[in-house]
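Trainee: Position chain H against the provided structure of chain L, taking the given hints into account.
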Amino acid sequence: MSHYTVAFAGNPNTGKSTLFNLLTGMRQHTGNWAGKTVITAEGEFTHNNHMYRAVDLPGTYSLYSNSADEEAARDYIIFEQPDVTLVVLDATSLERNLNLALQVLEITGRAVVCINLIDEARRLGIDINLKAISKRLGVPVVTISARNKIGIEALLDQVERVATGAFITDPMRIIYNDEIERGIAELTPMVEQMIGSKYPARWIALRLLDGDDSLLASLKENIKSKEIPEAKEVIGYGVTC
Amino acid sequence: MESHVSKGSDSLDSLLSVAKKLADGGAIRDEIVSGIYGVSASICSDAVSYRDKKKLNSTFKLDNIVTSKIWGFPIMLSILGIVFWITIAGANYPSSWLASFFGIIEGYLTAGFQAIHAPDWLHGVLVLGLYRGTSWVISVMLPPMMIFFPVFALLENFGYLPRVAFNMDRLFKKSGGHGKQALTMSMGFGCNAAAILSTRIIESPRERMLAILTNNFVPCNGRWPTLILLSSLFMTGAASTGAFKTLTTASVLMGMVLIGIVVTLSVSWVMSKTALRGVPTHYTLELPPYRRPQIWRTILISSKDKSLNVLTRAIVVAAPAGIITWVLGNTFIGGESVLNHMAAFFDPFAQMLGMDGYIMMAFILGLPANEIVLPILLMGYMSSGAMVDIDSLSSIKDVFLNHGWTWLTALSMMLFSLLHYPCGTTLVNIYKETKSMKWAVLSAVIPLGIAIGVTYAVAQLARIFGWV
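As you go down the protein sequences, you meet chains L and H in turn.
Numbering-wise, the first sequence is residues 1 to 241 according to this note's numbering.
Numbering-wise, the second sequence is residues 1 to 468 according to this note's numbering.
A couple of the hints might just be wrong.
[As the list claims (entries may be wrong)] Here are some chain H residues pointing at chain L (derived, C-beta under 8 Å):
| hint | residue |
| --- | --- |
| 1 | 19 |
| 2 | 31 |
| 3 | 35 |
| 4 | 40 |
| 5 | 44 |
| 6 | 48 |
| 7 | 50 |
| 8 | 51 |
| 9 | 169 |
| 10 | 270 |
| 11 | 289 |
| 12 | 294 |
| 13 | 369 |
No wet-lab data here; the hints were simulated from the structure.
Here a beta-carbon is modelled for each residue, glycine too, at the ideal position from N, C-alpha and C.
Extracted from the complex, chain L is given alone in its bound form (with noise of 0.2 Å):
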């Protein structure tokens, strides 16, 4: 039986939680505003034979370090580099929601898009045509409605085809105008030089670019504490599925 990570990131208020706690068999308070989940949470849940450990990222608008929160999140994917990261959006709102699943692409490509609250946007008379979505995104796109469990099969079996290698992910690359792209071209290889290609080094170059400190810092800090295991603020829940 093998053991894999799945990280949970979203915009705030998508069902991020609802999701993770229906997954895990944890019962994390959910609610509606941007802002719930304060802490990261951990679970477990197994799927076909495999393990996943589950961790519920803070909600964000974006990976661009304007908070705490959304430093935290961008931490965890760079550093931690979970087997999966799991994008779930809001389908009322798809195209600001969509955002932040093109920002995890430029880190990982190893992502399932989630598109949650389905019966919602059925509702409200919203067709998504899913192929599409997935073709120009080039991971797994799923739909689904965490409180009515609809999906949520289908869902775990793109997870596991993105975790095993099954699914070779293709994730689009976003061509920024040409001043950016220039500087990217700069920087890239001399971001790789220094870290390795450990890290995504055109994503870096890109943050570098728009002058992000903090992303910096965690770099810093990163290279320093790799020999010590890490110290991860988070809480254990008792596992129950």
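Mentor: Frame of chain L, contents of chain H only:
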């Protein structure tokens, strides 16, 4: 190894400076964001279609009412009032049932202790101290919590809290704070210690600090029982009964919350003009769609998570406090118990604030958890000679009256409870979050100063005008 590491850090720094040169000091964030937004928009225009644009707007119609300039605040206040009313009306009977139930058990316990000829002090410590203390906490605190938290959680799941934040935003902006402070305040109704963590959603460190410093002015669940009990015992007038009494109690509680909000805004304003100077940052507040809460699940989860956790904490802290209080009340030095000596020491100061030495001592001993202030106070009173057989809630009032309480004593204690320093857990969290001893200390000292100032002013005014 060490030299390699420092070399790595230095070169990272040089990398950033290269990057900054490349970016040419311009704000490329906008370009990055518009790049990403462009891609999202193009994906969605390919893949998402809307059958009925009108349906999408149903949320906006409701929002136009609940966040309107005219109706926003009245609706907010009446919802708050209704929540309080439900809590008080519903908690009244279960509380007295629990109290008499525990009273009966206490009778059996005492009989049992007599039957085995246990020494008096053992009966004192275990039954009169430990048992009575904890059963007090349970019967006074459990019923209101079992009602308040689920009702509040339902409102939260429905999606009303962000609307509250939206309404409050203008006020916070004027006071130099951040609109999201309203969300962390709402969290504070449950628990200030948890709310301190929730301030992480505020981006700017300055505004986050304001939210941390003022969170204490929202009464947390540890203080609700004190506020509810005192307002229902002393603030309703002698003649009132039944529904009218519940209504007055609810309005008094509302008044307390409003005072808390006014103090929050004032402190934010003063701080943002002095130690935490700055201009409020802009931000987008998401108003999520209204969702039908999963009623039973919400009730079960909030009962389990909040009510039981809070209760466990209260019992764990109240049990030793009960023993300590009993020991203090029954150790005699020079003919007076240690407890009385301590109370007498604080009394002159406490009297100036409209309270007495016992109350002040209860607040001091209650630093670890606000939940135990009231139990300590009652145990203090009971061990100081005026033994009353407590088997119903009305006899609590007799205990207070025997110690010279008036409505001013109750009001002062309520105000002090609302405004004084946060509990130990909250202070520890503030220290952990800010990593600054200075701010942790200030977040205890500022509220304490305000609590002393306000209660002093109220007590002096009441006495000058001869209201008491």
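Trainee: Now look at each hint and say whether the structure bears it out.
Mentor: Results of checking the hints against the structure:
1. 19: Hint on residue 19 of chain H: holds, closest Cβ of chain L at ~4 Å, below 8 Å.
2. 31: Holds - the Cβ of residue 31 of chain H comes within 8 Å of chain L, reaching about 6 Å at its closest.
3. 35: 4 Å, holds
4. 40: 4 Å, holds
5. 44: 4 Å, holds
6. 48: 5 Å, holds
7. 50: Since the shortest Cβ distance to chain L is 6 Å, the answer is holds.
8. 51: Given a least distance of 4 Å, the restraint on residue 51 of chain H holds.
9. 169: Because about 14 Å separates residue 169 of chain H from the closest Cβ in chain L, which is outside the 8 Å limit, the hint is violated.
10. 270: 25 Å, violated
11. 289: 6 Å, holds
12. 294: At about 7 Å, which falls below the 8 Å cut-off, the nearest Cβ of chain L leaves the hint on residue 294 of chain H intact, so it holds.
13. 369: 20 Å, violated
In this structure, the hints that do not hold are numbers 9, 10 and 13, in rising order.
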